[in-house]
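J.: Read off the chains here:
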Amino acid sequence: MTIKIVPLGAGQDVGRSCILVTLGGKNIMFDCGMHMGYNDERRFPDFTYISKTGEFTEILDAVIISHFHLDHCGALPFFTEMCGYDGPIYMTHPTKAICPILLEDYRKITVERKGETNFFTSQMIKSCMKKVIPVNLHQTISVDDDLEIKAYYAGHVLGAAMFYIRVGEESVVYTGDYNMTPDRHLGSAWIDKMRPDVLITESTYATTIRDSKRSRERDFLKKVHDCVAAGGKVIIPVFALGRAQELCILVETYWERMDLKVPIYFSAGLTEKANHYYKLFINWTNEKIKSTFVQRNMFDFKHIKPWNRSYVDLPGAMVVFATPGMLNVGTSLEVFKKWAPDPNNMVIMPGYCVAGTVGAKVLQGQKVIDVDPFTKIQVNLQVRNLSFSAHADAKGIMQLIRQCEPKNVVLVHGEKEKMGFLKSKIMKEFGIPSFDPANGETIELETSKAIYADISVDLLKSSIQKMREIKNTQSVLNTYGPQSVDREMHIDSVRPHSQIPVEGVLLMEPDKYGPPKMHIVDADQVVLPESKQPPPEQHDLSFELVKSINIPKINLDLPDESDLRNVLVGILFRRFEQTVGKDIPITQTQDGVQMRSVFVGYDEDKSTDVDQIIIRWNYNDEDLACRALGIVNMALPEVS
Amino acid sequence: MKVQCLDRQNSPQNCFLIKLRQLTILVNCPLVISSLLPSNQDDHDQQQETQTQIPDFAAVLSSYVERQKMLVEDPVGQSNMPSEATCVFSIPDLSLVDIHAIDCVLLTGTKHMLGLPFLTEYLGYKGRILATESSIEFASQLMEELVLYHGQTTSSASRDTPSTSMAKTGSSASDDGWRSIYTLRDARSCINKIQAVRFRENITLFSTMRIIPYSAGHSLGSANWSLEAGYEKVAILSSSSLSTDIHPAPCDLGVLTDAKVVIFSDLVNNGNYDGMEQDDIESLSASKNKLFSYVGRAIRSRHNVIFPLCTSGIVYDLIPEIRQYLATMGIEVGGEDQSQLTMYMASPVADKSLQYSNICGEWMTDQHQDMMYVPEEPLIHGELLAKGGLQVIKSMDGSMIGKQKIKEPCIVFTGDYRNLSKGPVKWFINRWKSSSLNVCIFIEPDTPPLHVLAQSITRNCEMTLLRIPIDHRLTLGQVHELLERHCAHTAAAVHVLFPKFQGPDQWTNYGNMKWKTYESGEVITIDLQHQWERIAVTEKLAKSMSIRPFPLDEGKFYAPFSGILSLHDNRLELSPLLSVRHHELIELHKKRTLFSEPRMKQLVDRLNQLGIPSSTLDIEVGESSVILQLPSDMNARIIVSHQSTRIEASDEKTRSFLRDVVLHNIVELA
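Keeping their order, the protein sequence lines are chains A and B. Going by full-length UniProt numbering, the first residue of the first sequence is number 1, and it counts up by one from there. Going by full-length UniProt numbering, the first residue of the second sequence is number 1, and it counts up by one from there.
No lab work stands behind these hints: they were computed from the structure. Keep in mind that the hints are not guaranteed to be accurate.
Short derived list, chain A residues pointing at chain B, Cβ under 7 angstroms [stated by the list, open to error]:
#1 Ile455
#2 Pro501
#3 Val502
#4 Leu507
#5 Glu509
#6 Asp511
#7 Ala523
#8 His539
#9 Asp540
#10 Asp583
#11 Ile584
#12 Leu624
As the structure is a prediction and not an experimental result, all values here were calculated from the model. Note that CB positions come from ideal geometry on N, CA and C, so glycine has one too.
In isolation and in its complexed conformation, chain A is listed as follows (with noise of 0.2 angstroms):
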């Protein structure tokens, strides 16, 4: 069977993450967001490649979201209200408790400042919200008879979660985006060896290695101390959620072991709600302020205070948090125009910025920047660029990989070139192939073609009770003593058995609404119990062969015809069980050799003369029989 992704957002690129994928006939989006770079259309992903009809319900089995981010959500009011899909929407419970805020958010600054018509409304985001099922981490989802959702925790911000869904024996991991060094307020991602034929992961900083964690808060610190110990003002542009928590607690707690004053600022409103909800979803942090949070609950701020607009002019230091992140609108671009010509002052941007922003062009050291075409900002501030961006670096994403050792790997989320490097990277370093599609690419993986079925209890047990048998060379040992045996066979006589032959029937029955039913049985049980037919009868066929044969020249004295017989039948003996004695038990009796309904030999009346040797089986052993007779032939040839 074939597994097909295609990203219509997020390929190749940062931003509205958006990716189709199609498995065991399921289609599945993982993601739903928006471009930060686009005001036009753009800005959302081209759903008119899975239907130019709208019939998005019909053809969406199932929407993902991983996190509450708006590159990965914020198509979604969008998709579902004003183009109506109305499937079933997944995201774990703090995504559904803080996406609608962001959503709402996003809206009031598209529609309120920049003024556009014909974009989600309010209510349209709150009705769409009803239609989300939440999920809890590690639980076990069927969406339907066949496809099954579980959710990982991926640290990168509260209630961030990567996703495993399978449909029959095919599966995929999207991770959403990641973080595997736990912080100060998440822990690490983490994801069982799944072993999915597709791990879909992001690729933010496929080429930075990262240095430690500590050695990055120190220097961030040390940079804010600096600059407020010099009067100058610290602007940190954040989104309200998310880093900004970790950061709040890192300054807070600089703050309180240094005894610092200098008034601390967090800009929004969402900050106390956004607080709100980290208390409420105490589960999702990490285990040191959960197991802290009824003495001292970490998101009680105490030097932080809520931003006022009049403060930006206000003489003296302060360290002020504002969103959003990318300086492309609202607060911290405000504050920023103000603050940017002042060298004393200081930004301490994210490790990432979309390109096309103001956050980007000064990331890139832009001195002049034009925030619209009437504006210029004179950027003399002292810029500093922080890593801190909660996203695997290319150690995690490699990491992560070993985790859960996929088959395939695909890379979306990241830059084109960067990718390339990633690519080569696992390539050599797991063997595994690797892909990065770009928008709209349709990449096929072929998997297994293996078909499941119901093998009856009875044919195991019966396949293994045979291998028993041949196994058991006890009683070859005792009569050949132990050099008859070679070294092989007799390790392979303890040995525990891992390969069994088989022999039986698959049965096939079609089924109306799903894959057709198999069964495999022994070959003389073919009625299946839930069948309500009576088993048919079974016919025996038997088979007597009269042979006659040249009697072989023996040195011996021959007084008595029943002393022959006996020879003969000593020689036949013998020559069976070294031909097929190891594998069939025999007996010999008075008259011949008998090994299961195959009988070799003279009648019991002796009725025959002694160069006619009767062969007797039933059509059961037809097999054993033709082999037999062929052993006959050989020992005691024809007569010509």
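Starting from the known structure of chain A, arrange chain B on it as the hints suggest.
T.: What follows is chain B alone, placed relative to chain A:
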């Protein structure tokens, strides 16, 4: 599979040992708590009554009386207490179980895991233990509370390991397994060994068994478990609730889907003290109304109410309900106003319990979950705590209580309800014992009968004691309804096991179900008629098979094959034969089967087609068989009778020729 209930005689039946597919699973490790009263108590008759449950009690007792002298008494109210009862503890009878043979321990709820430290720290169990995340946290709190109330007795000079202290009490006592409580360190180390899981998380054991916890709806994190191995599924239901007006996530009945064996435990009235009082039978809403009216009466007369109950669980529902009831009477809980009522929770773990419960929104009903999205705390006591309407009393230590003024009238929730001579209960009863208008209401269903409790209370207590159990667990009626709805109409037979006295003693058929009760210690063997195993057929083998229409059943297809079965990680896989040796084995062991009998006419026709005219054939009709004599130059014959056919020939060529003639019209599947 085998099921055995390990609880001791006369203890609630919650602990099971299940053997399925060579895996041994232990379900629950509860703790049975019993109060011991000093023998110098003069109401000897009553004491005898409680002791009937535990034979040879006196032996245990005597040692405790001695040790009691060394007890570190609470400074408060010491003089008022004529005697102090001690509690002894026991866990299920594991003496005949090989601890190291247990592959996994499953825990259904907070209350059924309190004996776990004995298993992990004293008996040396080192294997896997699974419980839901929130039940672990609450269990850790309850363990801490138990140790704080009952641990002091062992903190005296005669501190021994339980086994040695039991040895002193005589052999008969140690057989019953009574011991003193574990230490805080044991409890913590035990809690750290439990693997936290969430509802509907699939856990695989040795890639043979799939274990899934389902919400039981009884308390936060309480779980029912299903064990699946191949097509066999065992459902274990314990402390479940179908009530819709309580806070935990509703009971997930998915656990019963396709179950072949269902084990019920901890139903209403199950394992309670035999001396059940009449009012237990009252309906839930009636008991609640009764409870509210008592609370209302006490508060209106400006007196106080004590609820000795578990610090987690039902109390989270009781607080909003009482608050609402009082609001209808015009009494507000909390707030600035002096006239308003305050609630207290007095327990060393009260703070933890109240705070922790409010971050467990994901384990609650949808309505509570919606509160988190607002964002607001899902349980109302969060708001009360913030406003001071509900206050926490951490310790009854004189210095602590002095700082915190208790505003009367008030409602107090205290932790331990089994023993009134310890902890905060004792303190409050002492404080309010003078008036019969003060009420103490026991609502936990497993509270001992009142006359037992009364022994541990100060002699001159006027306070009204009430026992109004609020029990949300499944009733037998509900169980029957569930079975009817989920198990009665399945294709395969379902075995159902009930606690003793709640079903038939022997296997009894009810439609496609078989019912039986379990006795403590009894080993019940159930044949699951395990018929099918899942197997993968590799692409290579699948391609080599040729599918033909099945001759016996229309619409089906079949394909005979031979292959190599490999078993790895308990996964089965069929691949094509590769080695000559395996080919040879298959050849030698090949068994052919025929499914219809040849008809004489068809045989003759076929022979005619092959150039042997009928005139050369000779047919003899015998009594039970027909003999077809072939031309003399062939020197052969075919004997056909009802169920068998025999071909006799004198050379192999003729034989195989005749074989093909016979098989031409016979159905063969190979």
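J.: Each of the hints needs a verdict: does it hold here or not?
T.: Hint check:
Checking Ile455 (chain A) against chain B: minimum C-beta separation of about 4 angstroms stays under 7 angstroms; hint holds. The restraint placing Pro501 (chain A) at the interface with chain B holds, with a minimum CB-CB distance near 5 angstroms, inside the 7 angstroms limit. A least Cβ separation of about 5 angstroms between Val502 (chain A) and chain B falls short of the 7 angstroms threshold, and the interface hint therefore holds. Of the supplied interface hints, the one on Leu507 (chain A) holds, with its beta-carbon coming within about 5 angstroms of a beta-carbon of chain B, less than 7 angstroms.
Hint status for Glu509 (chain A) relative to chain B: holds, with the closest Cβ pair at about 5 angstroms, below 7 angstroms. Restraint check, Asp511 (chain A) versus chain B: the minimum CB separation of about 11 angstroms is more than 7 angstroms; hint violated. About 5 angstroms separates the beta-carbon of Ala523 (chain A) from the nearest beta-carbon of chain B, less than 7 angstroms, and the hint is met. For His539 (chain A), the suggested interface contact is upheld, since its CB lies about 4 angstroms from the closest CB of chain B, less than 7 angstroms.
With 7 angstroms as the threshold, the beta carbon of Asp540 (chain A) comes within range of chain B, its nearest partner Cβ sitting at about 4 angstroms, so the hint holds. The beta carbon of Asp583 (chain A) comes within 5 angstroms of a beta carbon in chain B, closer than 7 angstroms, and the hint placing it at the interface holds. About 6 angstroms separates the beta-carbon of Ile584 (chain A) from the nearest beta-carbon of chain B, less than 7 angstroms, and the hint is met. Nearest Cβ of chain B to the Cβ of Leu624 (chain A): about 6 angstroms, under the 7 angstroms cut. The hint holds.
Comparing the model with each numbered hint stated earlier shows that hint 6 is the single one that does not hold.
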